[in-house]
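Protein chains: 2
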Amino acid sequence: MGFALEEPGDNVIIRRVNGSGTVISKITGDDGRLPYDIFLNTASVPVLAMKKDFGIDIGLEIEIHKKMPFGSGLGSSAASSVAATYAFNELAGLSLSKKEMLGYALKGEMIASGTIHADNIAPCLYGGFTLIRGYNPIDVVDIDYPNELYCTIIHPDIEISTRMAREILPKEIQLSTAIKQWGNCSGLVAGLLKNDFELIGRSMEDFVAEPLRSKLIPHFDLIKRLALSNGAVGCSISGSGPSIFAITKGQTNAINIVQSIKESLSNKDLKFDYYISKINKKGPKVLYIK
Amino acid sequence: MGFALEEPGDNVIIRRVNGSGTVISKITGDDGRLPYDIFLNTASVPVLAMKKDFGIDIGLEIEIHKKMPFGSGLGSSAASSVAATYAFNELAGLSLSKKEMLGYALKGEMIASGTIHADNIAPCLYGGFTLIRGYNPIDVVDIDYPNELYCTIIHPDIEISTRMAREILPKEIQLSTAIKQWGNCSGLVAGLLKNDFELIGRSMEDFVAEPLRSKLIPHFDLIKRLALSNGAVGCSISGSGPSIFAITKGQTNAINIVQSIKESLSNKDLKFDYYISKINKKGPKVLYIK
Numbered sequence: 449m450g451f452a453l454e455e456p457g458d459n460v461i462i463r464r465v466n467g468s469g470t471v472i473s474k475i476t477g478d479d480g481r482l483p484y485d486i487f488l489n490t491a492s493v494p495v496l497a498m499k500k501d502f503g504i505d506i507g508l509e510i511e512i513h514k515k516m517p518f519g520s521g522l523g524s525s526a527a528s529s530v531a532a533t534y535a536f537n538e539l540a541g542l543s544l545s546k547k548e549m550l551g552y553a554l555k556g557e558m559i560a561s562g563t564i565h566a567d568n569i570a571p572c573l574y575g576g577f578t579l580i581r582g583y584n585p586i587d588v589v590d591i592d593y594p595n596e597l598y599c600t601i602i603h604p605d606i607e608i609s610t611r612m613a614r615e616i617l618p619k620e621i622q623l624s625t626a627i628k629q630w631g632n633c634s635g636l637v638a639g640l641l642k643n644d645f646e647l648i649g650r651s652m653e654d655f656v657a658e659p660l661r662s663k664l665i666p667h668f669d670l671i672k673r674l675a676l677s678n679g680a681v682g683c684s685i686s687g688s689g690p691s692i693f694a695i696t697k698g699q700t701n702a703i704n705i706v707q708s709i710k711e712s713l714s715n716k717d718l719k720f721d722y723y724i725s726k727i728n729k730k731g732p733k734v735l736y737i738k
Numbered sequence: 449m450g451f452a453l454e455e456p457g458d459n460v461i462i463r464r465v466n467g468s469g470t471v472i473s474k475i476t477g478d479d480g481r482l483p484y485d486i487f488l489n490t491a492s493v494p495v496l497a498m499k500k501d502f503g504i505d506i507g508l509e510i511e512i513h514k515k516m517p518f519g520s521g522l523g524s525s526a527a528s529s530v531a532a533t534y535a536f537n538e539l540a541g542l543s544l545s546k547k548e549m550l551g552y553a554l555k556g557e558m559i560a561s562g563t564i565h566a567d568n569i570a571p572c573l574y575g576g577f578t579l580i581r582g583y584n585p586i587d588v589v590d591i592d593y594p595n596e597l598y599c600t601i602i603h604p605d606i607e608i609s610t611r612m613a614r615e616i617l618p619k620e621i622q623l624s625t626a627i628k629q630w631g632n633c634s635g636l637v638a639g640l641l642k643n644d645f646e647l648i649g650r651s652m653e654d655f656v657a658e659p660l661r662s663k664l665i666p667h668f669d670l671i672k673r674l675a676l677s678n679g680a681v682g683c684s685i686s687g688s689g690p691s692i693f694a695i696t697k698g699q700t701n702a703i704n705i706v707q708s709i710k711e712s713l714s715n716k717d718l719k720f721d722y723y724i725s726k727i728n729k730k731g732p733k734v735l736y737i738k
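Residue numbers (our numbering), protein chains in the order written: chain A, 449 to 738; chain B, 449 to 738.
Fair warning: there could be bad hints in the mix.
For identical chains, the list gives no copy identity; a pair is met inside one copy or between any two copies.
[Claimed, not checked] Below, simulated EDC-like cross-link-like pairs (lysine to aspartate or glutamate); rule was C-alpha separation at most 16 Å, straight line: (1) 628 <-> 567; (2) 642 <-> 590; (3) 628 <-> 653; (4) 628 <-> 587; (5) 547 <-> 587; (6) 642 <-> 592; (7) 733 <-> 538; (8) 474 <-> 590.
Simulated from the structure, these hints should not be mistaken for lab results.
Can you make the complete structure from the sequences, with help from the hints?
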């Protein structure tokens, strides 16, 4: 499962130019880390695939303006991939469904992460909470949620490689642990659909990834404790970390959480960014058309 | 998760008599298999606990009329335990909540199965679909479901011991398998709450227990194939088996399923009973008060 935030988010500009090639003309906010090679960049790869599949032989310039932090567990690469897919669908007048766009955006994510996983792509594209029920074929289920739901992101200023965060997970788990997690996955979906914040909170206990991955995040236990004692119904790691997310009913609790964490971390050696956001209901949007 | 059926179901009669003791005066439908010892019978154990906790010092006679088959995977012992708990709550005018009754009914199930598990007790007591999110403390979540949902039970005339059905399960499972099952648990809850029969069906694939336990059930693959090709959205094993349940939209599909299985098994060496039932919305009910 995943969900989309109103912010942060990447901006991608696709501009029609003469000729028939595709180039990445500008990348900002990436500290020089993203490739200009169109076969290696998560934004251009879906565009190339769409051009090919629909026989669209036009010249394109792509600009990528990164606003999402790298290696944060917030789905930075998915944001660029979805933005580019959505923008090109608009520019070329393809009128693809979200399900059709999903396949293209996944090709971009594949370039970045090396695996087909839709946990970031699907919520980013569809908006709201999405459950990836399965992959064979891919089955994205839209999960409604309480309107007053806010998310607070604490993004510690460290990077965790997705590879390391994956390798830390065991290949096998106890059946008894799996059963507890099945209960909580099911409870989370029920809590969202029933607008039951308490149930959402109780269901957010992660028995598998969090106990292991939290060790990679300095002061995780303190941050989680502060979130829960300042109004969060639940708090856990976003993706492979190091970002930590807390769910609250309403914005006031979210502000209190950030305030308490600011105070407690002020004398610690950990810098962090934070975001307070409602859930993004619609996925990507067109900022302007020229 | 579990759900309650309109039928089959056990009848329990509790009658006030002189004195202060509790006796089981009659058991029918059990082929002499159930104990008359009040400390060993799943119906009397919760009654004794309630009498003690509420200081009710009255004489009681308990009759148990079994309608549910033994060792069927349908939750036969839970049915008696819940019926007795509910009946005594009524007779003694305790006005307990379902949550309060749950604790007592679980004591009866504990006597029968040796473990605290609420998969049968909770749906039997609450009615409808219930998710047991967790046990520490016990957290029963009511899951709404489509009104046209019917369940067909095929109960092959063999017995599988719960112990053997448990022992066949592995202690550990692949994380990748657990993740697929998390997707389906979540999908099932979403499908029920969203009235999406197709999603319910897709989510009913069991990657853990069914592949192993189905080997204990003669002609399981044939029965499942017939159910799915005659209108079931999903089909799996009920509890530890050997009962097989199929979910359909409406009663006509359910009747077709039974008909097709009757025909196909007519020349096979497997006898079976069947039940077609709507979901029981309310749990136990008072049949009469004298």
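Hints, verified against the model:
| no. | hint | verdict |
| --- | --- | --- |
| 1 | 628 <-> 567 | between (21 Å within a copy, 13 Å between copies) |
| 2 | 642 <-> 590 | both (14 Å within a copy, 10 Å between copies) |
| 3 | 628 <-> 653 | within (9 Å within a copy, 19 Å between copies) |
| 4 | 628 <-> 587 | between (24 Å within a copy, 12 Å between copies) |
| 5 | 547 <-> 587 | within (9 Å within a copy, 36 Å between copies) |
| 6 | 642 <-> 592 | both (9 Å within a copy, 9 Å between copies) |
| 7 | 733 <-> 538 | within (10 Å within a copy, 59 Å between copies) |
| 8 | 474 <-> 590 | neither (34 Å within a copy, 53 Å between copies) |
In the structure shown, a violation is registered for the earlier hint numbered 8 alone.
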